[in-house]
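Here the protein sequences line up with chains V and S, keeping their order.
Sequence positions in the first sequence follow this note's numbering and run 1 to 218.
Sequence positions in the second sequence follow this note's numbering and run 1 to 248.
By construction, these hints were calculated from the structure, which means they are not laboratory data.
Treat the hints with care, since some could be wrong.
Here are the computed distance ranges between Cβ atoms for each label pair [as the list claims (entries may be wrong)]: (1) V/Asn8 with S/Ile157: 51 to 59 Å; (2) S/Leu239 with V/Asp76: 50 to 58 Å; (3) V/Lys180 with S/Leu26: 52 to 60 Å; (4) V/Glu192 with S/Ile22: 54 to 62 Å.
Idealized CB from N, CA, C, for every residue including glycine.
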Amino acid sequence: MKYIIETNDLSKKIKIENILDNINIRLEEGNIYGFVGRNGSGKSMLFKTICGFVKPTEGEILVNGVDIYKKNTFPDDTRALIEKPKFLPHLTGFENLELLASIQNKIGTKKIIESLEKVGLLAYKDKKFGAYSLGMKQKLGIAQVLMEDPKILLLDEPFNGLDEQSAKNIRKILLIEKEKGKLILIATHIKEDVEILCDEVFYLDVGKIINHKIINKN
Amino acid sequence: MKYIIISDLYYFFRKKIKYLIIILFLLSLYPIAERLVYLIKGLPVTFWRETKMGPMLLNNVGAAFNDKSLTNLSFYVPILFYTYLNFQTLSCYFNQLNFGPENVFLRLSKIKWLICKYVSIFIYTIMFQLIIYIFLIFVYRFLGLTININEVINIFIYDIFIKVSFGYLMILLVSFFNKAGIPIMYIALLLGAFNISSLFFLQYLYAGKYLITNNIFLLIIVFLIITVITFIGNKIKLLSLFTKEELI
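Same shape as in the complex, but just chain V (with noise of 0.2 Å):
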């Protein structure tokens, strides 16, 4: 079986603390996973960790076989939204979204209005950033990971500030991913959330994974 995203004991000491404790855990594509737990039980320091933007104190993690700290780099194909969404506030919602495309350069103006039609920001899109209320960033923040196709999706707290009707849009649009044959990795505290929508869930708490269920896998 190859696994997209491999962790191998994974840990992260910050001076005595334990942030993240023997972590090991092996995601497919075609599946979403949930990560639950309260505050400060380590969600959001393993999604960065994931994504390469702190190092782990001992442990592996491969992603697509590569182990991204050996060979100092980020994972490819991957996006993600952790804690709160980050964009420039004197830019609209497009410009913004326009910029990051830019970078890489895949995608053009027709792939960034259909990413912001699927929230529902389309309406918004010439407003600047800076002038967005939670739900609206929170949903820009979904946009700009969903629009250029990647394989794998980190969304940290996703639903955070969405409306229940927001929220249910946010749901079918990752469930339509996932029949793509995407990787998708949610955390939350809310239990509700995932397990309506996860394969499997992991529970944390102080960094350690306590509990792990298989819920809707065939």
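Based on these hints, arrange chain S on the given structure of chain V.
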């Protein structure tokens, strides 16, 4: 990569142009004040025409102190100019920090991002300096000063390398020091920059009309060393800088 550079330059010209207009006004005060003192003191017009342009330009662009100056502005102008330029350099470097590392580095490697920023700062400094120099030439001409274009070009080339090096060092300083350390280190760096500037402009100020042109090789070597060292240092600190949101 080119879009990041274009975005930086666009950001500067769209958002920062008003500061440039203010700085142009402030820079023009120094030669005007000097001219007025000459007039008040009744010094001969020929003396003003033949001797003042080089040192005044160096002082005006913050390259060196003019110890023969008649006004206190000769002390404040270089500090003001350096501080303004560094503010712009840091602003250019931090421009995209609001994006967060996940938005930038999952699309672009750290090295490529840094190259973009170094190129942006270099281009921006050249464009900015060009505007300042052209403006000052017009002001000097208006005040009746004799303009020597070769002199101006020489000073311009030297000044670019010194200013860009200083900008790169400033970024390193902000990356490695905390809020309390930055002002102290800034003053130290400012003094160092004046000394480096003086080292290259000393011969010009005290000895003759033209710069010793072979100094440019030494200056380029110093510039390359500073670029490499700051690049390595900034690469190490880049990710942690994305979390220093309070600095933006």
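Structure-based check of each hint:
no., hint, in the structure
1, V/Asn8 with S/Ile157: 51 to 59 Å, "holds (55 Å)"
2, S/Leu239 with V/Asp76: 50 to 58 Å, "violated (18 Å)"
3, V/Lys180 with S/Leu26: 52 to 60 Å, "holds (58 Å)"
4, V/Glu192 with S/Ile22: 54 to 62 Å, "holds (55 Å)"
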